[in-house]
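2 protein chains.
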Amino acid sequence: MKLYGYWRSSAAYRIRIALNLKGIEAEHQSVHLVKNGGEQHGRDYIALNPQHLVPTLVLDDGTALTQSLAILEYLEERGEGMALLPTDALGKAQVRAMCLAIACEIHPLNNLRVLQYLSGDMALDDKVKNDWYHHWIHEGFKALERMLVKHSGRFCFGDTVTLADACLVPQVYNARRFNVPLDNYPNIVRISDYCNSLPAFVAALPENQPDAV
Amino acid sequence: MKLYGYWRSSAAYRIRIALNLKGIEAEHQSVHLVKNGGEQHGRDYIALNPQHLVPTLVLDDGTALTQSLAILEYLEERGEGMALLPTDALGKAQVRAMCLAIACEIHPLNNLRVLQYLSGDMALDDKVKNDWYHHWIHEGFKALERMLVKHSGRFCFGDTVTLADACLVPQVYNARRFNVPLDNYPNIVRISDYCNSLPAFVAALPENQPDAV
Chain Z
13 MKLYGYWRSS AAYRIRIALN LKGIEAEHQS VHLVKNGGEQ HGRDYIALNP QHLVPTLVLD
73 DGTALTQSLA ILEYLEERGE GMALLPTDAL GKAQVRAMCL AIACEIHPLN NLRVLQYLSG
133 DMALDDKVKN DWYHHWIHEG FKALERMLVK HSGRFCFGDT VTLADACLVP QVYNARRFNV
193 PLDNYPNIVR ISDYCNSLPA FVAALPENQP DAV
Chain F
13 MKLYGYWRSS AAYRIRIALN LKGIEAEHQS VHLVKNGGEQ HGRDYIALNP QHLVPTLVLD
73 DGTALTQSLA ILEYLEERGE GMALLPTDAL GKAQVRAMCL AIACEIHPLN NLRVLQYLSG
133 DMALDDKVKN DWYHHWIHEG FKALERMLVK HSGRFCFGDT VTLADACLVP QVYNARRFNV
193 PLDNYPNIVR ISDYCNSLPA FVAALPENQP DAV
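Residue numbers (our numbering), protein chains in the order written: chain Z, 13 to 225; chain F, 13 to 225.
Worth flagging that the hints you see were computed from the coordinates, not collected in a lab.
Be aware that one or more of the hints could be misleading.
The list cannot tell twin chains apart, which means a pair is met if one copy fits it or any two copies do.
[What the hints assert, rightly or not] Here are the computed lysine-lysine pairs in the BS3-like style, where the Cα-Cα straight-line distance is at most 27 angstroms:
| hint | residue 1 | residue 2 |
| --- | --- | --- |
| 1 | 139 | 162 |
| 2 | 104 | 162 |
| 3 | 104 | 141 |
| 4 | 34 | 141 |
| 5 | 154 | 34 |
| 6 | 139 | 104 |
| 7 | 154 | 14 |
| 8 | 162 | 14 |
All values reported here derive from a predicted model rather than from experimental measurement.
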């Protein structure tokens with residue numbers, strides 16, 4: 013398998029965490045999101061991923077899978093390595109809700125293409141862009157913190173690592189990168205810090221990728 | 013089961029379609045997203061859904077499930093009525109990718125809270141807000157159209173209705189409501205129009221809900 017990603021893409025970071033936790037090998041191919049106007053817009057790449065986004069997972073038979081949560085579910089269905097979803101339908105629903113609270117409600121509002129649109133097409137200044145970024149992190153983290161009060165143990169959902177942790181850690185990484193104060197989110201910080209003490213998460217860190225600048 | 017929704021919420025609309033297709037009964041409870049500053053911000057409601065968003069599905073034992081895609085997967089796992097995901101892992105991955113291409117890449121950028129932030133906190137005028145809305149529909153639909161060229165039949169994924177159709181139809185409804193020209197998306201329009209000829213989709217239409225204005 014070949015994972016097309018980028019060191020700083022938090023969607024690709026989610027997949028790296030899951031691959032590491034499951035012990036699944038994949039070749040990593042960097043798609044530089046900034047250089048030359050963004051390699052994700054290149055003709056060869058959009059043939060794999062018409063959304064012009066990373067990650068894309070290309071299977072050995074050439075099938076290209078897109079959308080990080082769909083890729084995470086696919087890896088789960090392969091059944092290799094440790095399970096990252098609970099076995100019961102209700103547990104799965106709660107874990108998926110946490111994943112989506114990040115992947116639908118926070119990340120799409122703050123990813124590169126949106127920030128580029130705010131400063132490019134909309135010609136907004138850095139202050140407005142920064143306020144925008146912080147606003148959606150806070151909106152999302154306020155909700156997520158309440159979900160964690162209800163469901164978390166050492167990890168987001170009880171004491172077993174799940175896909176929710178694979179989504180949380182990259183989002184916290186982004187929040188810190190943009191200096192969002194996290195004092196009001198003790199469970200988010202606690203779980204993220206704990207995850208970052210584990211080898212699978214350390215190996216997935218953006219700065220530990222070969223394409224890190 | 014009780015579905016907290018709103019006639020015009022496209023995330024709630026997805027659930028209504030799936031319930032209808034599966035023939036699952038649920039009581040519908042309207043959460044008025046505009047009246048009185050938005051009932052989704054009410055104390056009782058955020059105890060069910062800390063994200064201040066619809067839908068929420070409350071099960072008979074009181075368990076509250078949030079995030080429309082997690083709810084759709086939960087309904088799928090219950091195994092009642094027709095299946096809305098393919099049986100093979102690759103097919104599931106492609107259907108989920110289409111759902112997420114809508115639920116992560118289009119809808120969160122254009123939902124009510126974002127439009128309110130653009131016109132409220134950011135004090136942008138209607139022209140800029142409208143451009144924003146159209147921009148993200150076009151970005152998303154361009155990608156989705158290419159996915160449909162590859163995977164669609166009568167429906168988004170071959171000739172069997174799936175969760176992807178339950179996500180597509182509400183997004184097309186929104187696009188039309190905001191007068192987004194759809195001429196460049198023949199497959200999106202064709203599939204959406206076909207779905208809208210089927211009773212399960214007709215019954216789920218916003219204007220056919222009791223809380224429609």
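Verification of the hints:
Neither within a single protomer nor between protomers do residue 139 and residue 162 lie at most 27 angstroms apart by alpha-carbon distance, with minima of 35 angstroms and 42 angstroms respectively. Taking the shortest alpha-carbon separations for residue 104 and residue 162, only the intra-copy value of 15 angstroms comes in at or below 27 angstroms, while the best inter-copy value is 30 angstroms. Neither within a single protomer nor between protomers do residue 104 and residue 141 lie at most 27 angstroms apart by alpha-carbon distance, with minima of 35 angstroms and 36 angstroms respectively. Taking CA atoms no more than 27 angstroms apart as the test, residue 34 paired with residue 141 passes in neither setting, with 37 angstroms inside one copy and 43 angstroms between copies.
In the homo-oligomer, the alpha carbons of residue 154 and residue 34 never lie at most 27 angstroms apart, since the shortest distance is 30 angstroms inside one protomer and 34 angstroms across protomers. For the identical chains of this complex, residue 139 and residue 104 are neighbours neither inside a copy (39 angstroms) nor across copies (42 angstroms), given an alpha-carbon limit of 27 angstroms. Taking the closest pair of Cα atoms, residue 154 and residue 14 come within 27 angstroms of each other only across two copies (25 angstroms); inside a single copy the shortest separation is 36 angstroms, beyond that limit. Proximity of residue 162 and residue 14 under a CA criterion of 27 angstroms is satisfied inter-copy only: 21 angstroms between copies versus 37 angstroms inside one chain copy.
Hint compliance for this structure: hints 1, 3, 4, 5, 6 are broken, all remaining hints hold.
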